[in-house]
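Engineer: Whole structure, please, built from the sequences with the hints as guidance.
Protein sequences appear in the order of chains V and Y. The first sequence: position 103 = 103 (the numbering used here), numbered continuously. The second sequence: position 77 = 77 (the numbering used here), numbered continuously.
Since the hints were derived computationally from the structure, they do not count as laboratory data. Note that the structure is predicted; figures quoted are calculated from it, not measured. Heads up, the beta-carbon is just placed ideally off N, CA and C, and yes, glycines get one too.
Now the in silico label distances, taken between C-beta atoms and shown as ranges: (1) V:Tyr104 with Y:Ser57: 51 to 61 angstroms; (2) V:Glu55 with Y:Arg84: 21 to 31 angstroms; (3) V:Ile9 with Y:Lys13: 58 to 68 angstroms; (4) V:Tyr95 with Y:Glu123: 34 to 44 angstroms; (5) V:Cys33 with Y:Asn172: 27 to 37 angstroms; (6) Y:Ser163 with V:Cys33: 36 to 46 angstroms.
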Amino acid sequence: MNCKNLKKILPDYIDKKLSEKQIEEFQNHIESCSDCSILYQKFNNTFDLLKPKAEIAEHAFYFTRLKQKMENRNSPKESIFISFFSRKLVQPVIYLSSLIIAVYIGILIGSGSVAQEQYSEFNNGNEDYIQTFAEYQYLNDFEIEPIENLLIDNDNIVEE
Amino acid sequence: MDDKILLAKIAEKDEKAFQVFVEKYHQLVLNVCNNILNNYDDAMDVSQEVFIKIYESIDSFRGDSKVTTWLYRVSVNKSLNYLRSRKKQKWFTSLDVIFGDDNKSSDPEDKELKPGENIELEENKKALYYALRKLPEKQNVAISLNNFEDLSYKEISEVMGISVSEVGVLINRGKKKLQKILIDYYKKN
Numbered sequence: 001m002n003c004k005n006l007k008k009i010l011p012d013y014i015d016k017k018l019s020e021k022q023i024e025e026f027q028n029h030i031e032s033c034s035d036c037s038i039l040y041q042k043f044n045n046t047f048d049l050l051k052p053k054a055e056i057a058e059h060a061f062y063f064t065r066l067k068q069k070m071e072n073r074n075s076p077k078e079s080i081f082i083s084f085f086s087r088k089l090v091q092p093v094i095y096l097s098s099l100i101i102a103v104y105i106g107i108l109i110g111s112g113s114v115a116q117e118q119y120s121e122f123n124n125g126n127e128d129y130i131q132t133f134a135e136y137q138y139l140n141d142f143e144i145e146p147i148e149n150l151l152i153d154n155d156n157i158v159e160e
Numbered sequence: 001m002d003d004k005i006l007l008a009k010i011a012e013k014d015e016k017a018f019q020v021f022v023e024k025y026h027q028l029v030l031n032v033c034n035n036i037l038n039n040y041d042d043a044m045d046v047s048q049e050v051f052i053k054i055y056e057s058i059d060s061f062r063g064d065s066k067v068t069t070w071l072y073r074v075s076v077n078k079s080l081n082y083l084r085s086r087k088k089q090k091w092f093t094s095l096d097v098i099f100g101d102d103n104k105s106s107d108p109e110d111k112e113l114k115p116g117e118n119i120e121l122e123e124n125k126k127a128l129y130y131a132l133r134k135l136p137e138k139q140n141v142a143i144s145l146n147n148f149e150d151l152s153y154k155e156i157s158e159v160m161g162i163s164v165s166e167v168g169v170l171i172n173r174g175k176k177k178l179q180k181i182l183i184d185y186y187k188k189n
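Structural biologist: Right, here's the structure in full:
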């Protein structure tokens, strides 16, 4: 007996429908062929599962859950149109608009457009603004002046 | 309380009687659904649908057959409807398939097994339910009721509304086909 024949008669072997000679050949082949032996074991174990299973235990809150389901079913549902509208239209629009806003804010911060606007106003020749800007620049320069320079100046004064 | 009295009270929408009825039979319904669906959560949902159907259409029960036969019939029909509706939704790629979520299948015996045994048992169960699903619906139901629920051919014929000899043919052909599918399955795997 070869592997192909064994696969053919395997169901009949399980159902005990083979002749004694066939059974002997079947068993001899299984002993000598590991692949067929594994196949037979798996098949046999699987077919063994076709028997009454252990019952699922009673569910303590089954009726409560059932009642809840029935009440939910009876409660007025939102119409199909509204649920479709909210799910397919409103949600994507909200997501898309928040994404666009986030990207816009990101670009705004990255490009420093606020400062550019200041310079553009400066270029427009607004005298008041130029004055304010100059003062601001002076103050700003003063603020960021390194403290080492002050110390050096102080040392020079003392030496003088 | 006698089933006939219970059913009469349920027909009058007596909630207490319905509760007694549900508590008496929910285990049976849950088991039938689970044997066909092989998924505890789905079986839970479908079994509740069964009781809702019974509560709503109690008048259609004429009392010719046993209450349990009627319950089996409604449970089988609801479970098959559920499987059909799920087949229709199959083109939506299931997340369970992607993530291999097999933990839904349930069997109280599983918890008592050792890890090595559990893996082998799970593989065998997977193969068996794969093969059962591949069978024509009627053969699947007849084999499930006969083997898992231990119903006689006569009881199955009452549940399925066919003759006893037809049940025999269904089960024999189904088992032959099941064996063939299983051998092919193991050859591939």
